[in-house]
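Model the full assembly from the supplied sequences, consistent with the hints where possible.
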Amino acid sequence: MSQDMSEENLPERHGSEGHEVEPHADPFADPGLPPHEVRRTDIDERAARRAERQVALLFTVSMIATIAFIASYVAFDIDKIVFIWPFGHVSILNFALGITLGVALFCIGAGAVHWARTLMSDVEVADERHPIEASDEVRAKVIADFKQGADESAFGRRKLLRTTLIGSMALVPLSGVVLLRDLGPLPEKKLEHTGWDKATPASPIKLVSMNTDEPLKAEDIQVGSLVFAKPQGLAESAENFQEAIATDAVMLVRIAPQDIKDRASGKLGFDGILAYSKICTHVGCPISLYEQQTHHVLCPCHQSTFDLSDGARVIFGPAGHPLPQLAIKTDTDGNLIATGDFNAPVGPSYWERA
Amino acid sequence: MSAASSAASGGAQPSSSRAKPANKAEAAADWADGRLGIYSLAKSNLRKIFPDHWSFMLGEICLYTFIIIILTGVYLTLFFKPSMGEVVYHGSYAPLNGIRMSEAYASTLDISFDVRGGLLIRQIHHWAAIVFVAAMLVHMMRVFFTGAFRKPREINWMFGALLLILGMFDGFMGYSLPDDLLSGTGIRFMEGAVLAVPLVGTYLQMFLFGGPFPGTDIVPRLFTVHVLLIPGIMLGLLVAHLILVFYHKHTQFAGPGRTEKNVVGMPLMPVYMAKAGGFFFLVFGVISVVSAIATVNPIWAYGPYRPDQVSTDAQPDWYMGFSEGLIRLMPGWEIRAWGHTLNLGVFIPLMIFPLVLVAIWVYPFVEAWVTGDKREHHIADRPRNAPVRTSFGTAWISLYLVLLIAGGNDLFATHFHLSINAITWTMRIGFFVVPVVTFLVTKRICMGLQRRDRDKVLHGRESGIIKRLPHGEFIEVHEPLTQAQLYKLTAHDQHRPAELPAAVDENGVARKVSLTQKLRAKLSRGYFGDEGQIPKPSAEEYREITSGHGHH
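In order, the protein sequences belong to chains R and P.
Last residue of the first sequence: 337 in the numbering used here, with the numbers rising by one and none dropped.
Last residue of the second sequence: 579 in the numbering used here, with the numbers rising by one and none dropped.
One should not assume that every hint holds.
In silico lysine to aspartate or glutamate, EDC-like type, Cα no more than 16 angstroms apart, as pairs [stated by the list, open to error]:
1. Lys63/R <-> Asp141/P
2. Lys178/P <-> Glu116/R
3. Lys563/P <-> Asp9/R
4. Lys75/P <-> Glu107/R
5. Lys244/R <-> Asp293/R
6. Lys75/P <-> Asp110/R
7. Lys288/P <-> Glu111/R
8. Lys288/P <-> Asp110/R
9. Lys276/P <-> Asp79/P
10. Lys70/P <-> Glu111/R
11. Lys563/P <-> Asp480/P
12. Lys288/P <-> Glu116/R
13. Lys276/P <-> Glu111/R
Since the hints were derived computationally from the structure, they do not count as laboratory data.
Here is the structure:
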């Protein structure tokens, strides 16, 4: 390939690389570094002294600001809120510490830069570059050294040594991998079940209000409202509350029976009351926005939209499947109860999900 | 006996032939040199030349914000408790009094309301992280658009790209630590993304969280990764990045006296010590003032995390916005077969992360392959002189912006009273269309600028002075450019497109042209053909025009 599509195609380097070009021969030749232009502070000692005073002033302001920082730390109460235009009501301690620290730091920087720009030499100097590549002699020497070292080690000649070394080096990291096993349990069926799993027709679990912890009755659920519920007995103080609520959270809606498009989902409900998982099937955000008229719910994280009147079908957004539904009925006291788990695994989908 | 002889030889040969130091400082330096070899190290570095250009300080902002993050981060670890153990809050922040929360969240509240200056340091830490990632991105764009990633700097480019990705992830982990309602939602998103990995997703999830979501392990684990593992790797990469910058010497823009063989500028000591050292304080000072007046991540307003609660307008930090956009734009594709689910709707966006890194990594090598250029490059390109590369860069940025907008589609919907469905669909189409349009527009602009440079070289600068000729004609006087300006505008390399070899060789035998050769020729034509660049003026053209005044 290289004999045909070679570097002959590369453009020639311009200007003073290699040989110098006569300026008249090439109108675009490199004229070389322009002469240094002096600054006022280079020739006027008074200007230089003024610059010196400016730099010193900046450093002095920095010192004062640091003292002010310490004074603020001591003087201001941490919970004092004051009004400072245009920032509004702010913590005076945070404000004072930040401003004084900022000024102290900024003035050091401004002083140093001003010093460099006015008083340090600004004569441009050229440094030679050297090719990154080593010379051929160095290359030959290193390769010869390496070969000698390799020969002396007999790594290539004694195959048994080489093979067993590679084998042992390849195996030894396995110990580290094995040690990671106890990072967590195996998934098994953990993602398929929720706290509602314990409910059976013989021992149903009541749905209690997320806010009041009281059992919900059918008449508590009105058309047009979205009610959040959890299984009875799941206390906020329980040790596993966070894990449990991450799967067990339920939202209840009531839809006039003639508006329920999906018959099957209607049968899992009670008198138009439908219980769906609150956890979005996309990546697991809790769904919280309900549109009364259309019975659509929207996940505020990524805007997946589900139609609760149609089996919680996905009608927009990135979710891939409907919200799981919890079959509910009422007990003899009129409390809403569940007699089993959701009809599908709760939350985002995963490889083993059927 | 041997001791006696060595003592005798020691007496005869002084241990060092060095002259007596002039003062205490020299003596101390001599002492250190005898043990550390500092003179050899300083010989080429103390007065090392750095070129001056405003865009060369973008990398400095990255370095300085990194240092600020380390300093403030160490302070925060003194007070932060990376634990998900539940406590009931009884601190100074009254609205949350009596609420159950994790120790992580409670200790973040303590840092904000009970440790004097704690809130300031937390805000400096967060603001510096925001600036850090932004500066890395802009610094990377500068390197890309000026072609500073070319040989010999490809590996440094790869280090930099890795630093950007690591910085983004470390930022994400950092703001996930307080275990507030917003960041917990972000971790939930991460869990969903991990679950979408085929075959091993559930295992990864269990091993990451130590059980079902959320468990009690994720915050302490993220903490260790956030404060130790990732910063450690980043520190190593950063040192390597800087060593290579020193070793390669900085690129410079073309100009009189500046060639591929030299570097023109001012010495490290004193000018850049003062300027760069001072710049650290400027950056730190500005971030401190910003942290004093602008609240960032007010975790007390969000409340503690609960998996069944969420706030609307949930937004990640800006640098994660594009991934948010990807996940929001992606249709919910799920393939279900043989008792398994392949969640492409989440898995494809997840895979874009490594693919982006690979694309960034290989670009220098792809361009070098297309040009066939194996030489070192130390003169930075002007973006206009590499139109295709520049257009790739702007197309990339436009894609990024489309995803940022898509990531905030709910905010755009509520603030501009638009339909969220319409925004999402517009961005879905924009994802494919906007980069193409941006590419074409950028290329036209670059070509136009190249034409203008060519005109300027051949006809001089438009002076704005109108002259009346003796016969009444009005002309605008064009001032010829100086030699320096002429050099600057014509100094860039122009590649000729690679030609395919003749269809038959010298013996008349049909030559086999491989597919890669054809691809390379095609790409090369795209980069350097008539559509890819305007030929820069030749010396002959210039002489013909400038000597032929009488004819015009």
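So, going through the hints one by one against the coordinates:
no.	hint	verdict
1	Lys63/R <-> Asp141/P	12 angstroms, holds
2	Lys178/P <-> Glu116/R	11 angstroms, holds
3	Lys563/P <-> Asp9/R	14 angstroms, holds
4	Lys75/P <-> Glu107/R	12 angstroms, holds
5	Lys244/R <-> Asp293/R	5 angstroms, holds
6	Lys75/P <-> Asp110/R	8 angstroms, holds
7	Lys288/P <-> Glu111/R	6 angstroms, holds
8	Lys288/P <-> Asp110/R	9 angstroms, holds
9	Lys276/P <-> Asp79/P	13 angstroms, holds
10	Lys70/P <-> Glu111/R	14 angstroms, holds
11	Lys563/P <-> Asp480/P	8 angstroms, holds
12	Lys288/P <-> Glu116/R	14 angstroms, holds
13	Lys276/P <-> Glu111/R	10 angstroms, holds
Against the hints set out earlier in the document, no violation occurs for any number.
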